[in-house]
Amino acid sequence: MKNKIKKPTCRICTLLFVLCTFLFFSCSPEKNDNQNVSSGGSVPVYGDAYITANLSDSSYLNPILASDSASGAANGQLFNGLLKYDKDLQVACDLAESYDVSKDGLEITFKLRKDVKWHDGQPFTARDVKYTYEALTDPNTRTPYSSNFTIIKKFKIVDDYTVKVYYDAPFAPNLQSWMMPVLPEHIFRGQDINNASANRNPVGTGPYKFKSWQTDQKITLTSNGGYFKGRPYINRYIVQVVPDQAVQFLELRNESLDSVGLSPDQWNAYESFFEKYDKYRYPSHAFTYMGFNMSMEPFGDKNFRKAMQYAVNKKDIIDGVLLGTGKEAAGPYPPHVWAHNPNLKMSEYDPQKAAEILKELGFEDVNKDGLLEYKGKRFEFTITTNQGNKQRELTAQIVQEQLKKIGIKANIRIIEFSTFVNQYIAKREFEAIIMGWSLALDPDQYSLWHSKETGPRQYNMLGYSNPRVDEILIEARSTFDTDKRRKLYYEMQEIMAEDIPCIFLYYPETLLALHKRFKGVELAPIGVGHNFEEWWVPQALQRYAFSDK
Amino acid sequence: MFQYLIKRLLYSIPIIIGITVITFAVMYFTPGKPTDAMTDFNTNITAESKERLYKLYGLDKPVYEQYWNWLKRVAVLDFGSSFKDGRSASEKIIERLPATILLNVLSIILMIIVAVPAGIYSAVRKYSLADRILTVIVFICFSAPVFWVALMLMIAFGLWLGWFPISGIVSFDFNELSFFGKTRDLANHLVLPVIVSTLGSFAVLSRYIRSGMLDVLKQDYIKTAYSKGLSERQVIFNHALKNALLPLITIIGLSIPGLIGGSFIIETVFSYPGMGRLGFDAIMARDYPVIMGIGVISAFLTLLGNIIADISYAAADPRIRYR
Chain A
22 MKNKIKKPTC
32 RICTLLFVLC
42 TFLFFSCSPE
52 KNDNQNVSSG
62 GSVPVYGDAY
72 ITANLSDSSY
82 LNPILASDSA
92 SGAANGQLFN
102 GLLKYDKDLQ
112 VACDLAESYD
122 VSKDGLEITF
132 KLRKDVKWHD
142 GQPFTARDVK
152 YTYEALTDPN
162 TRTPYSSNFT
172 IIKKFKIVDD
182 YTVKVYYDAP
192 FAPNLQSWMM
202 PVLPEHIFRG
212 QDINNASANR
222 NPVGTGPYKF
232 KSWQTDQKIT
242 LTSNGGYFKG
252 RPYINRYIVQ
262 VVPDQAVQFL
272 ELRNESLDSV
282 GLSPDQWNAY
292 ESFFEKYDKY
302 RYPSHAFTYM
312 GFNMSMEPFG
322 DKNFRKAMQY
332 AVNKKDIIDG
342 VLLGTGKEAA
352 GPYPPHVWAH
362 NPNLKMSEYD
372 PQKAAEILKE
382 LGFEDVNKDG
392 LLEYKGKRFE
402 FTITTNQGNK
412 QRELTAQIVQ
422 EQLKKIGIKA
432 NIRIIEFSTF
442 VNQYIAKREF
452 EAIIMGWSLA
462 LDPDQYSLWH
472 SKETGPRQYN
482 MLGYSNPRVD
492 EILIEARSTF
502 DTDKRRKLYY
512 EMQEIMAEDI
522 PCIFLYYPET
532 LLALHKRFKG
542 VELAPIGVGH
552 NFEEWWVPQA
562 LQRYAFSDK
Chain B
4 MFQYLIKRLL
14 YSIPIIIGIT
24 VITFAVMYFT
34 PGKPTDAMTD
44 FNTNITAESK
54 ERLYKLYGLD
64 KPVYEQYWNW
74 LKRVAVLDFG
84 SSFKDGRSAS
94 EKIIERLPAT
104 ILLNVLSIIL
114 MIIVAVPAGI
124 YSAVRKYSLA
134 DRILTVIVFI
144 CFSAPVFWVA
154 LMLMIAFGLW
164 LGWFPISGIV
174 SFDFNELSFF
184 GKTRDLANHL
194 VLPVIVSTLG
204 SFAVLSRYIR
214 SGMLDVLKQD
224 YIKTAYSKGL
234 SERQVIFNHA
244 LKNALLPLIT
254 IIGLSIPGLI
264 GGSFIIETVF
274 SYPGMGRLGF
284 DAIMARDYPV
294 IMGIGVISAF
304 LTLLGNIIAD
314 ISYAAADPRI
324 RYR
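Chains as they are written, first to last, in the working numbering: chain A, 22 to 570; chain B, 4 to 326.
No wet-lab data here; the hints were simulated from the structure. Hints should not be assumed to be uniformly reliable.
As the list claims (entries may be wrong) - Restricting the straight-line Cα-Cα distance to at most 27 Å, the calculated cross-link-like pairs of lysine-lysine (BS3-like) are:
(1) B:Lys129 x B:Lys231
(2) A:Lys323 x A:Lys297
(3) A:Lys174 x B:Lys10
(4) A:Lys448 x A:Lys374
(5) A:Lys473 x A:Lys327
(6) B:Lys53 x A:Lys175
(7) A:Lys380 x A:Lys448
(8) A:Lys336 x A:Lys389
(9) A:Lys151 x B:Lys185
(10) A:Lys105 x B:Lys53
(11) A:Lys473 x B:Lys129
(12) A:Lys174 x B:Lys245
(13) A:Lys348 x A:Lys366
(14) A:Lys389 x A:Lys425
(15) B:Lys53 x A:Lys151
(16) A:Lys473 x B:Lys58
(17) A:Lys366 x A:Lys508
(18) A:Lys430 x A:Lys473
(19) A:Lys448 x B:Lys58
(20) A:Lys135 x A:Lys108
(21) A:Lys175 x A:Lys151
(22) A:Lys174 x A:Lys473
(23) A:Lys380 x A:Lys398
(24) B:Lys245 x B:Lys231
(25) A:Lys430 x A:Lys323
(26) A:Lys175 x B:Lys58
(27) B:Lys53 x A:Lys448
(28) A:Lys398 x A:Lys425
(29) B:Lys185 x A:Lys232
(30) B:Lys64 x A:Lys448
(31) A:Lys380 x A:Lys336
(32) A:Lys389 x A:Lys327
(33) A:Lys105 x A:Lys151
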């Protein structure tokens, strides 16, 4: 606000500039490559475009059908949920004005905002929420998100702007499930949602409206003047498909892309590559681990896993694979998640201790070839991971080398993803795997660790089972009180540090290059895009102008 | 001749059906399911939800039933709809055709323009310095990894010189350009992909032409032509070339399916929206309807290409007649 006096001048400038653009570049968009002009003023102005890239094209611009990250980027700008995570990863209101969880956790009431309009001008009401709920639970809808909604006992519209949801049992992740974007009832009514034309021509409530989609080339969104939090400053939001990461990087050098996700080696490229870019790094909601098939000998033995943990140097992996862009992992929650137990002790690297434990377990180098024998046979096992993830492949190689130092022979097998999941994971035909989990922000990890979740296509494929952890998982997910939940999860992490259900290797980071001309960018625990509506580009630095609006 | 044609066409029918059976079987026995790629390892998506998707796509039915259902639909030219985005498979394939054909036709033309003279020259000046240099170049073209060449060209002509765009098929502002501007923009974008996709086939073709030409030059009628006192030029272009070009018919015939086949690597590196990427992505995602659609169309075009090659061969070479 300190530049209040400057404001009128700036407005006039804007007006003049817009006029000029209109007169001279009527067949715009036109690139204005006047990068050298100093950025003027600190009052946000409208204009310009933001171009980002994806490795693949979106599947559906319908958030309840799409599960790919490519669609997520555009859907995030087109739609809103009732709730959202704020920049500090706390549950906050979005389309809801307020929400209330009953004491027993069985009822949630949402009061909806009354000032929200769909992109076609229709008002947003409780009927839209009901429609979204019905679509999600309709057995014919091809949605991967149904299970969060089929547990709802009753859904009730109280009035046009109030809805009430009833559950059979208290379930803390339910709040997160209402971050599911809401679909417009008036658009989908009477249509088969799986094949609705709106899936490629969406109408949402978000800060950007749909403009065009050229298959496998780009999706263009344009700013929504009627957005309930005010029109975003950047006029266009463009998602381009550039299927090769090296080429994305070249386009970055060429300044044709405004933001690109980087690999660790790109992150460490010469500074001159990033002259026009700022680099951001923040923790991803994920962890990478090496797991053992605990139903097999000797992997089911806690002490064996402990020996393996001593033998693996996580620091080497982070330095070698991630080139320093990541953190050593101690448990299933990355440090920025509230359930993360900060008192958790990092496992140490001590090959000596590893060798001692192995000796106690009966591993011995009988034939003096430098490799250990177990029960009269050379002991070796295979680490399997999926093809196409270079970081996992490299991690496997480093682990292999480290295990060799204590006399364990590990083989590596790299298999195409889908085959890996079906032939090896689902059938439990593996000895060790290197895999990762991308996590929901709610800390409920019932499906990963509960002993009942070990069926063929379920997620506890390592076969972890601990009665106390089972108890904690169930109790914590039915508790809404964050402090109580936190205590439970702290305890679970301590048990796991003892049990070693897998070797938690590292928490990867998101690495991002973003063009310097964008102002108002804020790095928060959730990342950088959370306040995208507030980003703006000073007039003199704007690169793209548009004749329409 | 006509009878032969009918016979060939009739023979093609069981071949096409056989190809679909094999494609379907290979796909079915390939481990992995369409629902894997969709859901990855994401704790937001539960195993039950996955199971439900699986049933919705009809993947829980026995394989012969799935095949029969598919065949019934294909009989009326309906290839089903993609598991990835619910759009019809034929629509997705047709959408890719123009860009794919454009790239491939241009590179075949460029290949012929460059490879034929190069091959002839190498043959006529056998073991000369120029021939040796050409041979070395040809082998470099043939063995250099395509993606690497592509990246190097992008760096040189895209980044340093700034002559051509790095990737994509049209510019960001394509729709706003005039017709002339659009043509130029498209042409600019096509230069690098066309060059890169020509390299490998250029090497092969120029070798074919060279050896074909060498064979012909040894023939008696060439000696006769020389002894008649014709100039070297006349001998080569009027007498030798026609016969040396015969293998070209086969090669071009075989490249007809390639016209729509596309190349995954080139299309990926240049962010080019062609068939190669569609096919590859479909395979990785186990998008059965799209894989089968592409399979049938490629099989059809391969057979067609073979027939066309055979017929033109007969037309061009009187020694060969089919009964």
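Each hint tested on the structure:
1. Distance check on the hinted pair: Lys129 of chain B and Lys231 of chain B sit about 23 Å apart at the alpha-carbon level, within 27 Å; holds.
2. For the hint linking Lys323 of chain A to Lys297 of chain A, the alpha-carbon distance of about 51 Å lies beyond 27 Å, and the restraint is violated.
3. A C-alpha spacing of about 66 Å is found between Lys174 of chain A and Lys10 of chain B, which places the hinted pair above 27 Å, so the restraint is violated.
4. Annotation: proposed proximity of Lys448 of chain A to Lys374 of chain A is violated, straight-line Cα distance about 33 Å (limit 27 Å).
5. A hinted pair counts as satisfied when its Cα atoms are at most 27 Å apart, and Lys473 of chain A with Lys327 of chain A qualifies at roughly 24 Å.
6. For the hint linking Lys53 of chain B to Lys175 of chain A, the alpha-carbon distance of about 24 Å falls within 27 Å, and the restraint holds.
7. Simply put, Lys380 of chain A and Lys448 of chain A have alpha-carbon atoms about 31 Å apart, too far for the 27 Å limit, and the pair is violated.
8. For the given pair, Lys336 of chain A sits about 30 Å from Lys389 of chain A by alpha-carbon distance, which is inconsistent with the 27 Å threshold.
9. Between Lys151 of chain A and Lys185 of chain B the CA atoms are separated by roughly 47 Å; this puts the pair beyond 27 Å, and the hint is violated.
10. With a CA separation close to 25 Å, the supplied pair Lys105 of chain A and Lys53 of chain B stays within the 27 Å bound.
11. Restraint check for Lys473 of chain A and Lys129 of chain B: not satisfied, since their Cα atoms lie roughly 75 Å apart, outside the 27 Å limit.
12. Under the criterion of a C-alpha separation no larger than 27 Å, the hint pairing Lys174 of chain A with Lys245 of chain B is inconsistent with the structure, at around 81 Å.
13. Between the alpha carbons of Lys348 of chain A and Lys366 of chain A the distance comes to roughly 14 Å, so the proposed pair stays at or under 27 Å and holds.
14. Taken as a hint, the Lys389 of chain A and Lys425 of chain A pair is honoured in the structure, with Cα atoms around 14 Å apart against an allowance of 27 Å.
15. Taking the CA atoms of Lys53 of chain B and Lys151 of chain A, the gap is near 23 Å; set against the 27 Å cutoff, the hint holds.
16. Restraint check for Lys473 of chain A and Lys58 of chain B: satisfied, since their Cα atoms lie roughly 23 Å apart, inside the 27 Å limit.
17. Simply put, Lys366 of chain A and Lys508 of chain A have alpha-carbon atoms about 17 Å apart, close enough for the 27 Å limit, and the pair holds.
18. Pair hint Lys430 of chain A plus Lys473 of chain A does not hold up; C-alpha atoms about 33 Å apart against a cutoff of 27 Å.
19. Of the pairs offered as hints, the one joining Lys448 of chain A and Lys58 of chain B holds, with about 20 Å between alpha carbons and a cut-off of 27 Å not exceeded.
20. Taken as a hint, the Lys135 of chain A and Lys108 of chain A pair is honoured in the structure, with Cα atoms around 24 Å apart against an allowance of 27 Å.
21. Restraint check for Lys175 of chain A and Lys151 of chain A: satisfied, since their Cα atoms lie roughly 11 Å apart, inside the 27 Å limit.
22. About 24 Å separates the Cα atoms of Lys174 of chain A and Lys473 of chain A, which keeps this hinted pair within 27 Å; it holds.
23. Only pairs whose Cα atoms come within 27 Å are accepted, and Lys380 of chain A paired with Lys398 of chain A is accepted, the gap being roughly 15 Å.
24. A distance of roughly 19 Å separates the Cα atoms of Lys245 of chain B and Lys231 of chain B; the hinted pair therefore holds under the 27 Å criterion.
25. The straight-line distance between the Cα atoms of Lys430 of chain A and Lys323 of chain A is roughly 19 Å, inside the 27 Å bound, and the hint therefore holds.
26. A threshold of 27 Å between alpha carbons decides the hint, and for Lys175 of chain A with Lys58 of chain B the separation of about 26 Å falls inside it, so the pair holds.
27. Under the criterion of a C-alpha separation no larger than 27 Å, the hint pairing Lys53 of chain B with Lys448 of chain A is consistent with the structure, at around 16 Å.
28. For a cut-off of 27 Å, the pair hint linking Lys398 of chain A to Lys425 of chain A stands: about 17 Å separates their Cα positions.
29. Between the alpha carbons of Lys185 of chain B and Lys232 of chain A the distance comes to roughly 20 Å, so the proposed pair stays at or under 27 Å and holds.
30. Between the alpha carbons of Lys64 of chain B and Lys448 of chain A the distance comes to roughly 20 Å, so the proposed pair stays at or under 27 Å and holds.
31. Taking the CA atoms of Lys380 of chain A and Lys336 of chain A, the gap is about 25 Å. The hint holds against a cut of 27 Å.
32. A threshold of 27 Å between alpha carbons decides the hint, and for Lys389 of chain A with Lys327 of chain A the separation of about 24 Å falls inside it, so the pair holds.
33. For the hint pairing Lys105 of chain A with Lys151 of chain A, the CA-to-CA distance comes to about 18 Å; that is within 27 Å, so the pair holds.
The structure does not agree with the numbered hints 2, 3, 4, 7, 8, 9, 11, 12, 18 stated previously, though it agrees with the rest.
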